[in-house]
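Take the given structure of chain A and dock chain B to it, following the hints.
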Amino acid sequence: MNIYAYLVAFWLIVAGSAGIVRSRNLIHSVVCLSVAQAGTYVLLLAVGFQSKASPPVFGSPPSKPSLSVTDPVVQAMTLTDVVVSATVTALLLAIAIQIHKRHGTVDPDELRALRG
Amino acid sequence: MNRTARTVMFLVAGGGVAVLAVLAVLRMPAFGGSHHPYRDHAVRASVSHATSNVVASINFDQRGMDTLGEETILLASVVGVSVLLRPAEDESKSEHLGSGRVLDATRLGGYVLLPVTLVVGFDVVAQGHLTPGGGFQGGVVLGTGMHLLYVAGRYQALERLRPVSAFEWGEAFGAAAFACLGISSLLVTGAFLANVIPWGTFGGLLSAGTVPVLNGAVGVEVASGVMVLLAKFLEQAIFVRSGEGGTR
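From first to last, the protein sequence lines stand for chains A and B.
All letters in the first sequence, in the order written, are residues 1 to 116 by my numbering.
All letters in the second sequence, in the order written, are residues 117 to 364 by my numbering.
With the rest of the complex left out, here is chain A (with noise of 0.2 Å):
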């Protein structure tokens, strides 16, 4: 039974949301959604990988192309899911910044009421 990849994947990714529900902190929570996240790759990469494969880049010296080799779709959209990711992180530490410039806080918690 090789499904341990599978349950790491969806492991990591209730592990996140749980860490975001439980969260004292926002800055806390965007790494807990990062967690979350990596959850997905691994996940893209497990339904791609292939037992005694190559891996699909055949340069440089160029190799004879094979069918052999891990799934590079997966790999492209672990690739999206990786930018897409740090690009997110990098907006909600922005947001976290400015929330704690106006709220004097970073609790989710102490956050009752919207401000302008």
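Just so you know, these hints were derived from the structure itself, not from any lab.
Please note that a few of the clues may not be correct.
[Said to hold, decoys possible] Within a straight-line C-alpha distance of at most 25 Å, the following computed SDA-like cross-link-like pairs (lysine to any residue) qualify:
| hint | chain 1 | residue 1 | chain 2 | residue 2 |
| --- | --- | --- | --- | --- |
| 1 | A | K64 | B | V163 |
| 2 | A | K52 | A | P65 |
| 3 | A | K64 | A | A53 |
| 4 | A | K64 | B | Y154 |
[Stated by the list, open to error] Pair ranges (Cβ atoms, derived):
| hint | chain 1 | residue 1 | chain 2 | residue 2 | range |
| --- | --- | --- | --- | --- | --- |
| 5 | B | S150 | A | A15 | 30 to 38 Å |
| 6 | A | K64 | B | G185 | 30 to 38 Å |
| 7 | B | A282 | A | I99 | 28 to 36 Å |
| 8 | A | S68 | B | V267 | 24 to 32 Å |
| 9 | B | R223 | A | D109 | 38 to 46 Å |
| 10 | A | I99 | B | S150 | 47 to 55 Å |
| 11 | B | P153 | A | R24 | 44 to 52 Å |
| 12 | B | H151 | A | R24 | 43 to 51 Å |
| 13 | B | S150 | A | R24 | 46 to 54 Å |
[What the hints assert, rightly or not] Not close to chain A: a few residues of chain B, all C-beta gaps over 10 Å, as computed:
| hint | residue |
| --- | --- |
| 14 | V232 |
| 15 | L277 |
| 16 | R278 |
| 17 | W285 |
| 18 | G332 |
| 19 | F349 |
Ideal placement from N, C-alpha and C gives every residue a C-beta, glycine not left out.
Showing chain B alone in chain A's frame:
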């Protein structure tokens, strides 16, 4: 909603998701199996387009449209961070720089690794269609590599080498170049981001058609984007003082 209610709600929902996930996993194709239909098509398409890095072929050739969306997300987030982190009315930019102490070993390490990192970054971008890497990865190496100057303890040196406005233009230029390449190939071939230049020989530096060009455009955009992002955060941490005189 208070913490207890929120936690109970999460336990119910998260538990449900976990059960569904395990049920789904048990009926998925076996891990490590050889049945990958998309892989078969993608590898054949990539080889017929003389691109030896299949992942690059997917990102910049077969699904180039998605990559345009991806780098638009990057552009949007850089713009968002710049807007959110500009100094507010009640904040002042302090010109005084505390002179921290940097270990000689750190300084030496920073200066030695700076050129090495930059060369590696350019190489990762330029060979993105042959070896693992590409515009996104190389751009991040370039953008963060420049900050070795900051680690080496010279923020002024970094500021001279890094006029932020130039990198803001670079960010826009990279995104625009990608879109313009797409539109020009639409005009020439009738398909958005279709290849317009000769494919070249498989495995050669000049191969894969427009993939290396698009890699370069993305490399410029990502490197500039990372520079702008880090610049805004560093400026926030080092220079901006809040109105009450506090030093957050």
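Inset, instruction - Evaluate the given range 30 to 38 Å for the C-beta pair formed by B/S150 and A/A15. - result: holds, 31 Å
Inset, instruction - Measuring Cβ to Cβ, find out whether B/R278 lies farther than 10 Å from everything in chain A. - result: At about 17 Å from chain A, B/R278 clears the 10 Å cut-off, so the statement holds.
Inset, instruction - Run the C-beta distances from B/F349 to all of chain A and say if the shortest one exceeds 10 Å. - result: Contrary to the label, B/F349 does not stay out of reach of chain A, its closest Cβ about 7 Å off (not over 10 Å).
Inset, instruction - Examine each Cβ of chain A, and state whether all of them lie more than 10 Å from the Cβ of B/W285. - result: holds, 19 Å
Legend entry - Verdict for B/A282, A/I99 (Cβ pair) under range 28 to 36 Å: holds, 31 Å
Legend entry - Pairwise hint evaluation, B/V163 against A/K64, where the allowed Cα distance is 25 Å at most: holds, 10 Å
Legend entry - Pairwise beta carbon distance, B/S150 to A/R24, judged against the given window 46 to 54 Å: Given a distance of about 47 Å, which is inside 46 to 54 Å, the answer is holds.
Inset, instruction - Starting from the hint 44 to 52 Å, judge whether the C-beta atoms of B/P153 and A/R24 obey it. - result: With a Cβ separation near 46 Å, B/P153 and A/R24 satisfy 44 to 52 Å, so the hint holds.
Legend entry - No chain A beta carbon within 10 Å of B/V232's: The claim stands: B/V232 keeps its Cβ more than 10 Å from every Cβ of chain A (closest is about 20 Å).
Inset, instruction - Decide if the proposed pair is consistent with the structure: A/K64 and B/Y154, CA atoms, cutoff 25 Å inclusive. - result: holds, 20 Å
Inset, instruction - Could you check that no beta carbon of chain A comes within 10 Å of the beta carbon of B/L277? - result: Label holds. Min Cβ-Cβ 22 Å, cutoff 10 Å.
Inset, instruction - Go ahead and decide if the range 30 to 38 Å is satisfied by the Cβ distance of A/K64 to B/G185. - result: holds, 34 Å
In this structure, the hints that do not hold are numbers 8, 19, in rising order.
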